[in-house]
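Once you have looked at the hints, place chains R and Y on chain L.
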Amino acid sequence: MKMKNGRAKRVLLENVSVRYGSVSALNNISLDIQPGELVSLLGPSGCGKTTLLRSIAGFAPLTTGEIFIGEEACTDLPPSKRNLGMVFQDYALFPHMTVARNVAFGLKMRRVPLEERHPAVERVLALLSLDGLEERYPRQLSGGQQQRVALARALVVEPGVLLLDEPLAALDKKLREEMQIELRSLQKRIGITTIFVTHDQEEALTLSDRVAVLEKGRIVQVGTPVEVYENPQSKFSGLFVGKSNFIEGKVISCTEGATVCDVSGIGRVTVKSTAGVGTQAQFLLRPEKVRLSREKPLTLERNCVYGKVEHLVYLGMITEYHLETEQGFQLVATVLNVNQSTQNFEIGESIWATWSPDDFIQVFPMGPNG
Amino acid sequence: MRKGTGTGKGLKRLSCLLGGLVVIGMFIPLLVVFVISFNPGNELIFPPHGFSLRWYSNIFHHASFLSSFHFSIILGVVATAVSLIVGLSGALVLTRRKFRGADIISGLLMSPLVVPQVVIGIGFLSLFSMMHVYHSIPSLLALHIIITLPYTLRVLVANLSRCPVSMEEAAMVLGAGKYRAFVETTLRMIKPGMVASAIFAFVTSFDNFTASQFLIWDRATLPIEIYAYITKENDPTVAAVSSVLILMTVGLVILMERWVGLETVTG
Amino acid sequence: MAEQTKTSVSLGLLLPGLFCLLLFGASLFAVGILSLRPERLAGEGIGLNQYLRFFDDTRYLIYFWRSFKVSCYGTLLTLFLGYPVAYLMARSGGRIRLTLTLVLVVQFFTSYIIRAYALMLVLGNNGLINRLLLKLGMIERPLALMHNETGVAIGLIMVSLPFIVFPVYSVLRGIDLRLEEAAESLGAGEWQVFWNVTLPLSLPGMAAGVVLALLFQVTSFIVPGLLGGGYYDMVANFICDQALSVLNIPFASAVAMVMLAITLFLVIGLNKLFERNLKDVSA
Numbered sequence: 001m002k003m004k005n006g007r008a009k010r011v012l013l014e015n016v017s018v019r020y021g022s023v024s025a026l027n028n029i030s031l032d033i034q035p036g037e038l039v040s041l042l043g044p045s046g047c048g049k050t051t052l053l054r055s056i057a058g059f060a061p062l063t064t065g066e067i068f069i070g071e072e073a074c075t076d077l078p079p080s081k082r083n084l085g086m087v088f089q090d091y092a093l094f095p096h097m098t099v100a101r102n103v104a105f106g107l108k109m110r111r112v113p114l115e116e117r118h119p120a121v122e123r124v125l126a127l128l129s130l131d132g133l134e135e136r137y138p139r140q141l142s143g144g145q146q147q148r149v150a151l152a153r154a155l156v157v158e159p160g161v162l163l164l165d166e167p168l169a170a171l172d173k174k175l176r177e178e179m180q181i182e183l184r185s186l187q188k189r190i191g192i193t194t195i196f197v198t199h200d201q202e203e204a205l206t207l208s209d210r211v212a213v214l215e216k217g218r219i220v221q222v223g224t225p226v227e228v229y230e231n232p233q234s235k236f237s238g239l240f241v242g243k244s245n246f247i248e249g250k251v252i253s254c255t256e257g258a259t260v261c262d263v264s265g266i267g268r269v270t271v272k273s274t275a276g277v278g279t280q281a282q283f284l285l286r287p288e289k290v291r292l293s294r295e296k297p298l299t300l301e302r303n304c305v306y307g308k309v310e311h312l313v314y315l316g317m318i319t320e321y322h323l324e325t326e327q328g329f330q331l332v333a334t335v336l337n338v339n340q341s342t343q344n345f346e347i348g349e350s351i352w353a354t355w356s357p358d359d360f361i362q363v364f365p366m367g368p369n370g
Numbered sequence: 371m372r373k374g375t376g377t378g379k380g381l382k383r384l385s386c387l388l389g390g391l392v393v394i395g396m397f398i399p400l401l402v403v404f405v406i407s408f409n410p411g412n413e414l415i416f417p418p419h420g421f422s423l424r425w426y427s428n429i430f431h432h433a434s435f436l437s438s439f440h441f442s443i444i445l446g447v448v449a450t451a452v453s454l455i456v457g458l459s460g461a462l463v464l465t466r467r468k469f470r471g472a473d474i475i476s477g478l479l480m481s482p483l484v485v486p487q488v489v490i491g492i493g494f495l496s497l498f499s500m501m502h503v504y505h506s507i508p509s510l511l512a513l514h515i516i517i518t519l520p521y522t523l524r525v526l527v528a529n530l531s532r533c534p535v536s537m538e539e540a541a542m543v544l545g546a547g548k549y550r551a552f553v554e555t556t557l558r559m560i561k562p563g564m565v566a567s568a569i570f571a572f573v574t575s576f577d578n579f580t581a582s583q584f585l586i587w588d589r590a591t592l593p594i595e596i597y598a599y600i601t602k603e604n605d606p607t608v609a610a611v612s613s614v615l616i617l618m619t620v621g622l623v624i625l626m627e628r629w630v631g632l633e634t635v636t637g
Numbered sequence: 638m639a640e641q642t643k644t645s646v647s648l649g650l651l652l653p654g655l656f657c658l659l660l661f662g663a664s665l666f667a668v669g670i671l672s673l674r675p676e677r678l679a680g681e682g683i684g685l686n687q688y689l690r691f692f693d694d695t696r697y698l699i700y701f702w703r704s705f706k707v708s709c710y711g712t713l714l715t716l717f718l719g720y721p722v723a724y725l726m727a728r729s730g731g732r733i734r735l736t737l738t739l740v741l742v743v744q745f746f747t748s749y750i751i752r753a754y755a756l757m758l759v760l761g762n763n764g765l766i767n768r769l770l771l772k773l774g775m776i777e778r779p780l781a782l783m784h785n786e787t788g789v790a791i792g793l794i795m796v797s798l799p800f801i802v803f804p805v806y807s808v809l810r811g812i813d814l815r816l817e818e819a820a821e822s823l824g825a826g827e828w829q830v831f832w833n834v835t836l837p838l839s840l841p842g843m844a845a846g847v848v849l850a851l852l853f854q855v856t857s858f859i860v861p862g863l864l865g866g867g868y869y870d871m872v873a874n875f876i877c878d879q880a881l882s883v884l885n886i887p888f889a890s891a892v893a894m895v896m897l898a899i900t901l902f903l904v905i906g907l908n909k910l911f912e913r914n915l916k917d918v919s920a
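Residue numbers (this note's numbering), protein chains in the order written: chain L, 1 to 370; chain R, 371 to 637; chain Y, 638 to 920.
If you're looking for bench data, these hints aren't it; they were derived computationally from the structure. Any given hint might turn out to be false.
What the hints assert, rightly or not - Between beta-carbon pairs, the in silico distance windows are:
#1 E288(L) to R467(R): 56 to 66 Å
#2 V23(L) to R467(R): 31 to 41 Å
#3 A126(L) to R532(R): 41 to 51 Å
#4 S45(L) to I624(R): 34 to 44 Å
#5 G811(Y) to V614(R): 30 to 40 Å
#6 A451(R) to D200(L): 55 to 65 Å
#7 R532(R) to P61(L): 37 to 47 Å
#8 L384(R) to F692(Y): 33 to 43 Å
#9 L384(R) to G811(Y): 31 to 41 Å
#10 E633(R) to D693(Y): 49 to 59 Å
To be verified - Mimicking SDA-like on lysine to any residue, the simulated pairs with C-alpha atoms at most 25 Å apart in a straight line are:
#11 K909(Y) to L478(R)
#12 K909(Y) to V484(R)
#13 K188(L) to R10(L)
#14 K382(R) to L836(Y)
#15 K379(R) to R110(L)
#16 K250(L) to G276(L)
#17 K548(R) to L652(Y)
#18 K250(L) to F329(L)
As the list claims (entries may be wrong) - Some chain Y residues well away from chain L (every beta-carbon gap over 10 Å; in silico):
#19 G649
#20 Y697
#21 K706
#22 L713
#23 I733
#24 R778
#25 L823
#26 V834
#27 G866
Note that this is a predicted model, so its numbers are computed, not measured. Even glycine gets a Cβ: it sits at the ideal position worked out from N, Cα and C.
In isolation and in its complexed conformation, chain L is listed as follows (with noise of 0.2 Å):
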C-alpha cells in the first residue's frame, strides 16, 4: 500500500476559459481542489466536463486563466511535464504492449532504472488484483480488467493528481457499482487528489466528496454530495441531479421568513423564502418528500394538493406515482415500498400529496456563480 501523505497535490483553476473559435467550451472556470480530495466534475454532454479535464492534463489549450497544480502555475507545462496520472475513456492500452510494458511505460519515460521498475509494476498490479496478467495482451483481457490495467498504469509513476475521463462509463451496471466502490476505497487508502469527469449522477454521488455540476461551460453549483442533492442552486443542478419537480408561483404575502405563493394547480403554499411580494419564484420539489394519503390531512390549509394518480412506475424499491391535479398540475411523488397496505395506490385513485414548507427549495435561473 502506498501511504501519499504530502505528495498529493492541490489543483486550483483561476479564470479559465477555452475557446475554439467562436464556440465557447468552458466559460471562467474557478475551482480550487484540496489534496486528497476526489471531485467530480458532473453534467450533460456537451457541458463542458471533459474539456475542463483536459485543460488540466494540458491537451486543451487555455484562452483566458491560469491553472496550478501543488504551487507550480503549469499552464504552459507541456502534458508530458506535469507529472499527471490520466485515465481514458477507452482506457487507451497501447495494443503493442503487454499489460506490463504498458504500465512500466511512465517508469520507462522517467528513465526509473530496470531493476526497480520491475517491483514497482509488481506492487501495482497486485494493489489492483492484476497479478499474474503481466504477459497478457490488452485484448486479451476483460473490460474490467483493462480498466483496473489503465489504473495501474496511472498510478504507478505516483502522480500528484489523478484524472479520470469517465473510466467506468464502458462496464456493464453491476461491475460499475462494483468498481465505484472500489475505486473509492481505493482513493482513500491512496490518498491522492482525484478528479472525476461523470455523466452518471448517481456515481457522482456515490464516489465524491465534492461535486461540480457544469452546465454550458460554467460550473453551476460546488458542493458535498449532500449539499448539491438537498440544496440546489439552480433549476439545473436539481433536475440533473436527482429527480425533482419544478414549481413556480406567485408571492402573495411575506412575513417573517414564511412567505405564501399562489401556484396555478396546486393554490397557496407557505415557503420558506425571502422573495419579494408581486414577484415570481421558482422552487424544487423532490419527489420523496412528498408524502401521499387517502384521508385529507387535517392540520393543512396550505402544502396538500388533491390528486388524481394518472401513472405509476414501479422501481423495485420505490415506486414512483405521477398525480395530475383537478387544474391540471403534473407532481411526481415517490413512495418506498415497505408498507404495503396504506402506501399502495392505484391509477385512477385520487389521493392528498402533503409536503413540508421546508422542502420546497427556491432556485435561480443561473446558479450563484451564473
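Relative to the frame of chain L, chains R and Y by itself:
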C-alpha cells in the same frame, strides 16, 4: 496541423520538411515534362529557349499515336466492363456464400498482382501461340481482363461486405421482388465502389506496357508506341503526348475525388 | 442474393471468374511447357536444357544479382523517404492532406513510362539537375545519373513511393490519437511518443508497403529499360530481350519460371515473416 499531442515542434517540422521535399521531388519531373513540351527546339535541353506548340501538332502527324490512343481507350473500356461484371459476380458469391474453397479461389483470383508482368506477358504469348491465335485483339483483351480483375474484385468484395443480405430481405418484405430488391438496395449501395474500381481498372489497363508488349501482333497500345518512340527518336513529341496524358490523369483524379473519393486508392 | 440461392446460381456466378483463372493458369502452364522445349523451338523433345544452360552460365546470374541488390537498398530508401510523406498526409488538416493525396494519386495513375521519361529529363546529361549544377558552377562536367545503377535506383525509388505511402498512410490514419495522448500523460516527449507508440503501430502498413515496393522493383522492366539505357538490364529486361529480340522463347520461358519461383518465394516468405512478428501490433 491537427495533432493529438500538444507539445513540441520538432517532429512536426521534420516531417513537413522531409515529406514536403519528397513530394516536391515527385512533382518536379512531371513539371519538367510540361516545360519541355513547349520547347521550340529539337533538343531535350533545359531550360527551353522559347515557346512553341509544334510538338503538339507533331502528334497529329504520327498516325500511330492517334490510332494506338484510340485502341487503348476502347480496349480499356471493354476490359473494364467485363472485369466489373466478372468481379461483381465473383464478389457476390464470395461474400454471400460460405464454401470451403472460398479463400483459395479468392487468393488465386488476386494472384496476377503477385506474378511478374514479364511472366504474364510471356505466358499469354505462349498460350495464344500454342492456340495459333496470332491476333492482338483477343489476346490483349484477355490479358487486360485478367490483370484488372484483382482490382475490381477486391473493391467490390470490400463494398459488398458492408451490404448485408438483410437489406434485400427487408426490401422484399416491403413488397419488392427478388431482383428488384437486389437492384434497389445492394446495387445502389455499391455504385460508388463500382465507379471507383472501374476507374482503377481502366487506368491499370490503359497504362499497361510490360505484359502487353508481348502481344503486339497486329495492334499496338499507346504505351507501346510511346516507349518505342522514346527509344528511337529524340525529340520532345513524347513530352507533348505525356503532357496531354498527365493533364487527363489530373482531370480524372479530380473527378474521382469529387464523385467517389480516393479511399479506394489510398486505403 | 437473398433467399437460399441454389448452388447452381452460385456456381453460375463464379463461372466467369473460374474461366479467367483457368486462362491465367493455362498461360503459366504454357510457359512451363515451353521452358522444357529445346533452343529456339528447333526440333522436338522435352528436357531441362534451358534451365541447365541458365544456371551453368554465371553471366546470366548477374541479372538476378542486380535486381535483388538494387531492390533491397532501393526498397529501404523508398521506405525512409515514403514514411515522412505518409506521416505528413495522415497528420495534416483537410486542405493539405487533400493536395498531397491528389499529387500522390496522380503519380500513381500516371503510366510508369511517363514517370520514367520525366526522370530521364531530370537526370540526363542535359537534364534539369546537371544543367542547374553546371550553371551554378558546382560541377565541371555533367554527373552520370543515367544509364547506370544510380539512375535505375533513383527511378525505382521515385516510382515505387506510392506503394509505401498508401499503406502506411492508411494505418497511420487509423491509430487512435488517445494512445499518443496517454503516452504523453505518462511523461513521453513527442519523439518518445513517436518511437514507442506511433512507429510500432504503423509497422503493419510498413510491412505491406515493403512487400509491394520490393515486388515492383525486382520485376521492373520500364525503369531499368529507360533509365538504364541498356547498361543496367535487370531480370525483366533480359527475359524480354531473349523472347522478342533473340527469339529464344524456351530459354526466356525458363528464366521466367525461375523468376516466378523466386518472386513467389519472396512474397510468401515475407508475408509469413511479417505475420509472425506483427500479430501483436494489430489492435
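- Query: Which hint numbers doesn't this structure obey?
  - Reply: 2, 8, 9, 25, 26
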